[in-house]
Amino acid sequence: MSARPTWIKPYGDTENDGKVQLSFSLPIPASPIGEEAAKKIALQMGIHDPSVVHMEPLSESFSYYIIYGRTEHQIDLSSLSVTQTDHLVMSKEEVEQFIEKTFCEPLVFVGASTGTDAHTVGIDAIMNMKGYNGNYGLERYKGILAYNLGGQVNNEDLLEKAIELKADVILISQTVTQKDIHIENLTQFIELLEAENRRNDFVVIIGGPRINHSLAKELGYDAGFGPKKYAFDVASFAVSQLKEKGVKLKR
Amino acid sequence: MENKLNLNKETIQSCRREAKKIADDLQSFINQHSTIAVERTILRLLGIDGVDDFGRPLVNAVMDHLREKADLSKGIAHYMAYAVHESDESPQDIARRIASNTYDLSIYQNHSLCPYMDQLMPFFEQTLAKIDRMRSIRKEKLSATTKKETPDKYVIVATGNIYEDIKQALSAAKKGADIIAVIRSTGQSLLDYVPFGATTEGFGGTYATQENFRLMREALDTLIEEEHRYIKLVNYASGLCMPEIAAMGAIERLDMMLNDSLYGIIFRDINMKRTLIDQYFSRIISSYANIIINTGEDNYLTTSDAFDHAHTVLASQFINEQFAKNAWMKEELMGLGHAYEIDPNMENSFLYELAQAQMAREIFPQAPLKYMPPTKHMTGDIFKGLVQDALFNIAAVTSKQSIHLLGMMTEAIHTPFMSDRAMALNVASYVEKAFKNFGDEIEFKSDGLIVKRAHDVLDQAQSLLKEIRKEGLFKSLEKGRFAEISRHENGGKGLDGVFVKHQDYLNPIMDLMIKRIKEDNHER
Chain A
1 MSARPTWIKP YGDTENDGKV QLSFSLPIPA SPIGEEAAKK IALQMGIHDP SVVHMEPLSE
61 SFSYYIIYGR TEHQIDLSSL SVTQTDHLVM SKEEVEQFIE KTFCEPLVFV GASTGTDAHT
121 VGIDAIMNMK GYNGNYGLER YKGILAYNLG GQVNNEDLLE KAIELKADVI LISQTVTQKD
181 IHIENLTQFI ELLEAENRRN DFVVIIGGPR INHSLAKELG YDAGFGPKKY AFDVASFAVS
241 QLKEKGVKLK R
Chain P
1 MENKLNLNKE TIQSCRREAK KIADDLQSFI NQHSTIAVER TILRLLGIDG VDDFGRPLVN
61 AVMDHLREKA DLSKGIAHYM AYAVHESDES PQDIARRIAS NTYDLSIYQN HSLCPYMDQL
121 MPFFEQTLAK IDRMRSIRKE KLSATTKKET PDKYVIVATG NIYEDIKQAL SAAKKGADII
181 AVIRSTGQSL LDYVPFGATT EGFGGTYATQ ENFRLMREAL DTLIEEEHRY IKLVNYASGL
241 CMPEIAAMGA IERLDMMLND SLYGIIFRDI NMKRTLIDQY FSRIISSYAN IIINTGEDNY
301 LTTSDAFDHA HTVLASQFIN EQFAKNAWMK EELMGLGHAY EIDPNMENSF LYELAQAQMA
361 REIFPQAPLK YMPPTKHMTG DIFKGLVQDA LFNIAAVTSK QSIHLLGMMT EAIHTPFMSD
421 RAMALNVASY VEKAFKNFGD EIEFKSDGLI VKRAHDVLDQ AQSLLKEIRK EGLFKSLEKG
481 RFAEISRHEN GGKGLDGVFV KHQDYLNPIM DLMIKRIKED NHER
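Sequence lines, in order, name chains A and P.
Letter 71 of the first sequence, counting from 1, is numbered 71 in the numbering used here, and no numbers are missing.
Letter 2 of the second sequence, counting from 1, is numbered 2 in the numbering used here, and no numbers are missing.
Hints may be right or wrong, so weigh each one.
As the list claims (entries may be wrong) - With a straight-line cut-off of 27 Å between C-alpha atoms, the simulated DSS-like cross-links for lysine-lysine are:
id	chain 1	residue 1	chain 2	residue 2
1	A	K130	P	K141
2	A	K9	P	K384
3	P	K400	P	K330
To be verified - For the chain P half of the interface with chain A, some residues (derived, Cβ under 10 Å), not all of them:
id	residue
4	Q13
5	R17
6	K167
7	Q168
8	A173
9	S189
10	L190
11	G204
12	D269
13	M418
14	M423
The hints are simulated quantities; they were obtained by calculation from the structure and are not laboratory data.
In this text, a Cβ means the ideal position worked out from N, Cα and C, and glycines have one as well.
Please put together the full structure from these sequences, using the hints given.
Below, the structure written as structure tokens:
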């Protein structure tokens, strides 16, 4: 990009005031030393005039601080770029029309929350009839056969089921993760697809609170969807991708 | 409990009758079967603990051996009674020898009904004495605590490391928590063994082990002295090791156990036969040990819509109540679950939440109801989240819930930071004070939204229970009546651990516990 630099800073109530709020705990008792330590940490973070507006003991050996201050950092907007799915986002009805116009058979979506993750809230939000936040799930889409396999599904079982159901699209959700187990698990699924020579048989999409599109691409997936993405986002991407791949096209 | 909603007593009674039929219908099935987990529990209650050279729990080693070499259907007590009689060794020593392949239980498989059961009893009695002691310690400590009228504040710790969990628990207790739940590693419910020793790993929590139970209990007990109030400890007697963990909790003085008759079937895809048999023994143990169970109806609403499916929660509470009664559980131990999960974008959502909470309170007046906070509609906007939790707290205090699981403003972001929990406790304590007698002061309009909503939900629950009774619980689960998730009678995990009892099968410790619960004479 050759755009002119555009520098910005956080905004409190005046242009470029740099005002930020932050809160954290320290593993020491609440005390004047604690307050001073909290201030110093804020200073090291590039926050000028840190003001500890609240200090509170959490136990005999932990304390909590709320701090306001001005950050010295600024960002040149013209230097930024983000990887995003670059397909057209369609509404449910538009996706349904697109399917009817483009494909000769219903599209099969198989989804699961995989590995040790028992939380199905993410995959349910995308797949179940009800959907989430007023956005219906894929089960309700005309032209889509949606199979939600639920939680704690092994990668091997997911692939087996996807083959059995002749899936066009595989959706994987990862909700609760710790120490990056979701990365390991997601990597393993791609390796499995490749080992079985199946990578090109499916559009494979991942989702979850800690997933984004660049991570998905990095791991070898077709797309990744983070928070605030709904069934229509996922469906829009999937049907565009299937059209591009020439899957089940009308002649 | 005063009656503010004017619920129809006939309808409530009819719900109880239907639920009783649903549970009784399965009781003969339960009585005719046992599971590998039930048998392992018998071994634990004989005092068998520890692991073999490969880190496999000894109780698993014994059951693996039996499954491979002999007729399981006679039950482990048959074999152990013969073994103790002939070898004159303790069950623990026998188990060690089995694990190292120097003892073969299959030699007793064709023996007739064991006449030496009484030789196992001293070992069982030793364990029961431990449990009895824990009961009386709890009773004593609780009686030294001022009884409050407002709900007990319940928070979770979930660091994935028992030693970090302890730090977080101590902070929470200092901040006013009455109940600490240690979350397990995600996936433990599907392990067909209980890990051993103190653990410092896991995802979304660390393992439920007997040593972790002991460590956390010990830490909380030190605070009880300082704080002059009892702090209750919770874990999960659920999954494939339901009765084993109930037994471990009884020995280490846990005060509550998550324990649902249907949850594992629906949400963990554990086979329904396995779960129903396991929950029976686990509840008898908790009943004996005076441990409050927490049921998991709140989970239905994370999958289904909380407004449209509110009646499934009530129907399930009635069913859980009856299964608990069949396990001789007192109502005072039945922590039936429900949740504040209606979409905050809905008009009057608070009124409908209050209706549901008040309704549960009036229908189950003796039960220590467990009320769960918003989770599904928490967004990452922590500031709004704190307000959602505050409204939930108001509903909890106003409708006099018993076990008040505090919401975290960082729900949907991460397992709670120490400070998240402290903020939640501060807000809940404020509401607890500010709304202390609010529930006593208000009445509801007899033709208003709240009363009407409660009546509707009760009526719908009644119709659902009738249908479930007609088609049977197995069929209902197949139809996906709860949480819109369908499970098949012979599907799911753990079915291979279910077996039909031989006519000579005995579970002497279960029989003894039932006898003592009935007589209620084991308080020594």
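Checked hints:
Among the hinted pairs, K130 of chain A with K141 of chain P is inconsistent with the structure: their alpha-carbon atoms are about 48 Å apart, more than 27 Å. For the given pair, K9 of chain A sits about 25 Å from K384 of chain P by alpha-carbon distance, which is consistent with the 27 Å threshold. Restraint check: the Cα-Cα separation between K400 of chain P and K330 of chain P comes to about 20 Å, which is no more than 27 Å; the hinted pair holds. Interface restraint check: Q13 of chain P against chain A, minimum CB-CB distance 33 Å, threshold 10 Å, status violated.
The interface hint given for R17 of chain P is broken, as the beta carbon of that residue sits about 32 Å from the closest beta carbon of chain A, more than 10 Å. At about 7 Å, the closest approach between the beta carbon of K167 of chain P and any beta carbon in chain A falls short of 10 Å, and the interface hint on this residue holds. Interface hint at Q168 of chain P: satisfied, since its Cβ lies 9 Å from the closest Cβ of chain A, which is below the 10 Å cut-off. Taken as an interface hint, A173 of chain P checks out: its beta carbon lies about 8 Å from the nearest beta carbon of chain A, inside 10 Å.
The beta carbon of S189 of chain P comes within 7 Å of a beta carbon in chain A, closer than 10 Å, and the hint placing it at the interface holds. The closest approach between the C-beta of L190 of chain P and any C-beta of chain A is roughly 6 Å, which is under the 10 Å cut-off, so the hint is satisfied. A least Cβ separation of about 5 Å between G204 of chain P and chain A falls short of the 10 Å threshold, and the interface hint therefore holds. Satisfaction of the interface hint for D269 of chain P is found here, the shortest Cβ-Cβ separation to chain A being roughly 7 Å, below the 10 Å cut-off.
Satisfaction of the interface hint for M418 of chain P is found here, the shortest Cβ-Cβ separation to chain A being roughly 5 Å, below the 10 Å cut-off. Of the supplied interface hints, the one on M423 of chain P holds, with its beta-carbon coming within about 8 Å of a beta-carbon of chain A, less than 10 Å.
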